[in-house]
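Here the protein sequences come in this chain order: A and B. Heads up: the first sequence is residues 551 to 1514, going by our numbering. Heads up: the second sequence is residues 66 to 219, going by our numbering.
Misleading hints may appear alongside valid ones.
Pairs of lysine-lysine residues, derived as DSS-like cross-links and limited to a Cα-Cα distance of at most 25 Å, are as follows [stated by the list, open to error]:
| id | chain 1 | residue 1 | chain 2 | residue 2 |
| --- | --- | --- | --- | --- |
| 1 | B | 90 | A | 1320 |
| 2 | A | 953 | A | 928 |
| 3 | B | 157 | A | 846 |
| 4 | A | 848 | B | 124 |
| 5 | A | 846 | B | 124 |
| 6 | A | 727 | B | 82 |
| 7 | A | 848 | B | 192 |
| 8 | B | 77 | A | 585 |
| 9 | B | 94 | A | 1320 |
| 10 | A | 928 | B | 109 |
| 11 | A | 576 | B | 93 |
| 12 | A | 848 | B | 82 |
| 13 | B | 93 | B | 197 |
| 14 | B | 92 | A | 576 |
| 15 | A | 574 | B | 77 |
| 16 | B | 109 | A | 849 |
| 17 | A | 581 | B | 90 |
| 18 | B | 90 | A | 1303 |
| 19 | B | 107 | A | 849 |
| 20 | A | 848 | B | 93 |
| 21 | A | 928 | B | 107 |
| 22 | A | 576 | B | 77 |
| 23 | B | 124 | A | 849 |
| 24 | B | 94 | A | 576 |
| 25 | B | 192 | A | 849 |
| 26 | A | 846 | B | 193 |
| 27 | A | 727 | B | 90 |
| 28 | B | 93 | A | 1320 |
| 29 | B | 124 | A | 576 |
| 30 | A | 849 | B | 157 |
| 31 | B | 92 | A | 727 |
| 32 | A | 849 | B | 193 |
| 33 | B | 93 | A | 727 |
| 34 | B | 77 | A | 581 |
| 35 | A | 1320 | B | 192 |
| 36 | B | 109 | A | 848 |
| 37 | A | 846 | B | 192 |
| 38 | B | 107 | A | 637 |
Treat the hints as calculated values from the structure; they're not laboratory data.
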Amino acid sequence: MPAVSKGDGMRGLAVFISDIRNCKSKEAEIKRINKELANIRSKFKGDKALDGYSKKKYVCKLLFIFLLGHDIDFGHMEAVNLLSSNKYTEKQIGYLFISVLVNSNSELIRLINNAIKNDLASRNPTFMCLALHCIANVGSREMAEAFAGEIPRILVAGDTMDSVKQSAALCLLRLYKTSPDLVHMGEWTSRVVHLLNDQHMGVVTAAISLITCLSQKNPEEFKTCISLAVSRLSRIVSSASTDLQDYTYYFVPAPWLSVKLLRLLQCYPPPEDGAVKGRLVECLETILNKAQEPPKSKKVQHSNAKNAILFEAISLIIHYDSEPNLLVRACNQLGQFLQHRETNLRYLALESMCTLASSEFSHEAVKTHIETVINALKTERDVSVRQRAADLLYAMCDRSNAKQIVAEMLSYLETADYSIREEIVLKVAILAEKYAVDYSWYVDTILNLIRIAGDYVSEEVWYRVIQIVINRDDVQGYAAKTVFEALQAPACHENMVKVGGYILGEFGNLIAGDPRSSPLVQFNLLHSKFHLCSVPTRALLLSAYIKFINLFPETKSTIQEVLRSDSQIRNSDVELQQRAVEYLKLSSIASTDVLATVLEEMPPFPERESSILAKLKKKKGPGAVSVSELEDGKKEAGSEINGGGGAESAAAASNASTPSPSADLLGLRSGAAGIGSATGAGSLLVDVFSESGTAATASSGTDENFLSSTPSSALGSEDPAPALPESDELLHKFVCKNNGVLFENHLLQIGIKSEYRQNLGRMYLFFGNKTSMQFIGFSTTVTCPGELQSQLNIQTKPVEPLVEGGAQVQQVLNIECLSDFTEAPLLNIRFRYGGTLQNITLKLPITINKFFQPTEMASQDFFQRWKQLSQPQQEAQKIFKATHPMDSEVLKGKLLGLGTALLENVDPNPENFVCAGVIQTKALQVGCLLRLEPNAQAQMYRLTLRSSKESVSKRLCELVAEQF
Amino acid sequence: MQFMLLFSRQGKLRLQKWYVPLSDKEKKKITRELVQTVLARKPKMCSFLEWRDLKIVYKRYASLYFCCAIEDQDNELITLEIIHRYVELLDKYFGSVCELDIIFNFEKAYFILDEFLLGGEAQETSKKNVLKAIEQADLLQEVRMTCCEQWGEI
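This is chain A alone, in the form it adopts within the complex (with noise of 0.2 Å):
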């Protein structure tokens, strides 16, 4: 037979292979590769020695087979040994299963790290390569610890051949990408700039990324290499399309390295030496001029390579940001290119315009272009590219476009993609406020925004629109007018009550002067919306209600009414229950004087930067972040408008979501009352509880609550839910451990860590995604109902809103026991997935026994303490049936996960247990005494705890009780 074709090395591997493909369900498919993967452990294990070409097929089908998402966790040591071997082959199957199956085996990393030193060292050019890919492939730590200080050493050597230093380049930039500490140039630095300069053009399109990475993070000591590269840069440019054979690519000549090139002098300002910047604006004129000529190919790859080099090099220019004319030729060559046939450069040329609209020197040219991208917008049919074009409309809006911009959103936001609709929406409102000479047309924006897009508009638009009204008297008359208007519309959209609602509480005497929009008639209108409103909804139009009595005491018997109705002063909502009864009273004992002091109107909020800029630059970058660096040069002074809400606005507008008290919707602005209004403690309580996220707080306004985007405002008004009827369940199962799975759905899982020490304890709270989609507004708020409160103390940070697909948070407790207690604290889970809001409500495994120190004693002792708590009330006694086997070792895990010393030799029955601990709390401890007795033949125990304190006994011995 003659010698192998190519890619036909082993047979067996393809048989393998076929008989994979052949396979008709994904259960043959698995049966076929337990085969496989038996066969080849007998043949790992067995007694025949394996030959070199055999060890290799096996390993080669083991790749195979985790390639096809199958777990391997042999054949490590197989590999490892192929890689001794001289037959290159060989060599090369055990390099590649070490590069994809990266092992954390101390012993086998040794191994591999020996056998890459030899072949580092062999001299022999192949080997070598194969060692560095290796390296560079798997780029862990431990590699770095071993060979970074060799690899600059066969980078830089004389003797080393092109092909290897091409390797060790690269392979030195992923060991210092991941261990920067561990990489030192040092003495090789100007050596490795040189490279620069290397005559192998492949050596310099390896190095040069290892340069430009260097450069980023050590400008000053690379810095030569600007010069260098520019004159790289200046003789690819100007070489004709022959020049460098292979190194041209469909006759563009070396576009990789052209475009590395550019990178690299990205990472410096625009060189200092004159000489050096004229040889490179030449290089970017004639890249640009070549940008013009006729193409030397049809084919898309000429062209690819081409305009690659041309996008890089505007980058560069823009990076440079200092030459007028290059920027403007820039701005002239993409817009060409908006009206391209291929999207691909459609859709670049819109992003790089992007960039280019926040430059002062290109900004106007970028504007001519704007009827080309509003027809992007309308016309282009892949999504990606209208976002683009919604991003650089966004980007290049100034106040003299900013109505046609807005305009257009606008309209595009009634067939926007769902994806995209809410970016839009707070681009709008961004641009709308930003530009806003005239008041009356910002509010006719925000309106019309909620009635195109009501979905999509954050709590962070309407609240904001309020803010400005409220700021600004000129606009509210025309605001209260135009809301009025628009809650005429049959079905309209419960922001636009929401907003309907609070302006018209405020500013309704302002048009009360029209028979047509008279107190009555404002008040019919918003009424007949109120049936078809949520919950936090209904009761911001209550506030709006009271607010009419004071407004206009002709409305108050109508109202009064209404808040006497069975619906409402009986409502099931204890929120819209308790606002109704205080506003009914309210309302008939308060003289005049007092009513309207305590529903005066609601002062200006102090200025602040808009909460939705803040939120458009968490949800993305670069439109968002160019247009308000662009505006702080030119901000003038008229058009900052309007200021953010403090904690006194807080208080009041969220006061639809406030589920605690009535206090601040009435404008007391006494947050602090509010709050200890509801939780009824000293203000001391409620100070450590204000950093604790509890029931209280989550919702109280806290001056951040208002602005910030915290989604518990969105949400926090929906009453918690009712613990779940499992919650008990999962508390007990961890009364005997610390850590676990507290609670799994489809949605999320919730894994618990803790630990505890006296009386104090901390709590890790692991709240994971389980899906692949956001969501949106996660908050937790932990509750200590009743008495518990003053016996636990919890505290918390919250958490971050926003868990994406698959992601983990966490959240840490801090626990304090400050005195004996029976009932368990609740977590509450509050986000919406998908739209719905899921609102879950578990018992936090906190339980009494957490705070057991262990008590040895000897047996007499213990029977004298035993006796010593003789009285009825310290005893508590329970006998039940086993629910699981009565093994003595299970047995004994458990009561020592409860927290005591199990202790031996105590009682005279061995099969008894008996244990003692002493419970830790802040105000006093108390000991306790356990005996457990099995009685195997009847399958039941008897338990009987004994402590100093009543209640102690009870509680501890219904936990325990449940454990076995």
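Based on the hints, put chain B in the right spot on chain A.
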């Protein structure tokens, strides 16, 4: 470049190369998500898309999708040509390459890629030089394996 994936129109992964350290679980998740996203796109759409904080550059050749993830400052068009050059290399090596070549000779596809790209960066863009390196290795292959195979061992 952060990673490169080759997958079929049916969504079967044919080659995966990761240039950043990720757990197996994460790799599987990314693959699943991206394959779905890319397969859902229509033929005439643009070859670039934003995905998480990365830019995805993809192109379809016959039944295979080649898909690269690059970072914000990386050049989309040159990445598209990296894909094309890799396809040319495969084509030249296998002689009008098809999906089956890559399935049955997956190890070769990896070796060729390693000669062309290393650590996510272009190492050698000359087609001649890359193929020279690979062919040298092939010359080193032993003749003896044919006799082993005759025993019909798998």
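Each hint tested on the structure:
1. 90/B x 1320/A: 13 Å, holds
2. 953/A x 928/A: 17 Å, holds
3. 157/B x 846/A: The hint holds at about 24 Å.
4. 848/A x 124/B: 19 Å, holds
5. 846/A x 124/B: Roughly 23 Å separates the two Cα atoms, so the pair holds.
6. 727/A x 82/B: 17 Å, holds
7. 848/A x 192/B: Status holds; Cα separation ~21 Å.
8. 77/B x 585/A: 22 Å, holds
9. 94/B x 1320/A: Satisfied, since the Cα-Cα distance of roughly 11 Å is no more than 25 Å.
10. 928/A x 109/B: Roughly 17 Å separates the two Cα atoms, so the pair holds.
11. 576/A x 93/B: Since the Cα atoms of residue 576/A and residue 93/B sit roughly 17 Å apart, the hinted pair holds (cutoff 25 Å).
12. 848/A x 82/B: Violated, at roughly 32 Å.
13. 93/B x 197/B: Not satisfied, since the Cα-Cα distance of roughly 34 Å exceeds 25 Å.
14. 92/B x 576/A: 21 Å, holds
15. 574/A x 77/B: Holds. Residue 574/A to residue 77/B sits at ~15 Å (cutoff 25 Å).
16. 109/B x 849/A: Given pair residue 109/B, residue 849/A holds - Cα atoms ~17 Å apart, limit 25 Å.
17. 581/A x 90/B: 23 Å, holds
18. 90/B x 1303/A: Given that 25 Å is the threshold and the Cα spacing comes to 22 Å, the pair holds.
19. 107/B x 849/A: 22 Å, holds
20. 848/A x 93/B: 39 Å, violated
21. 928/A x 107/B: 19 Å, holds
22. 576/A x 77/B: Measuring from Cα to Cα gives roughly 13 Å; hence the hint holds.
23. 124/B x 849/A: 15 Å, holds
24. 94/B x 576/A: Given that 25 Å is the threshold and the Cα spacing comes to 19 Å, the pair holds.
25. 192/B x 849/A: Holds. Residue 192/B to residue 849/A sits at ~18 Å (cutoff 25 Å).
26. 846/A x 193/B: 22 Å, holds
27. 727/A x 90/B: Cα-Cα ~22 Å, so holds.
28. 93/B x 1320/A: 14 Å, holds
29. 124/B x 576/A: 29 Å, violated
30. 849/A x 157/B: 18 Å, holds
31. 92/B x 727/A: With a Cα-Cα distance of about 19 Å, the restraint between residue 92/B and residue 727/A holds, given a limit of 25 Å.
32. 849/A x 193/B: 21 Å, holds
33. 93/B x 727/A: 23 Å, holds
34. 77/B x 581/A: Status holds; Cα separation ~19 Å.
35. 1320/A x 192/B: 45 Å, violated
36. 109/B x 848/A: 19 Å, holds
37. 846/A x 192/B: The given pair, whose Cα atoms are some 20 Å apart, holds under the 25 Å limit.
38. 107/B x 637/A: Roughly 47 Å between the alpha carbons, so the hint for residue 107/B and residue 637/A is violated.
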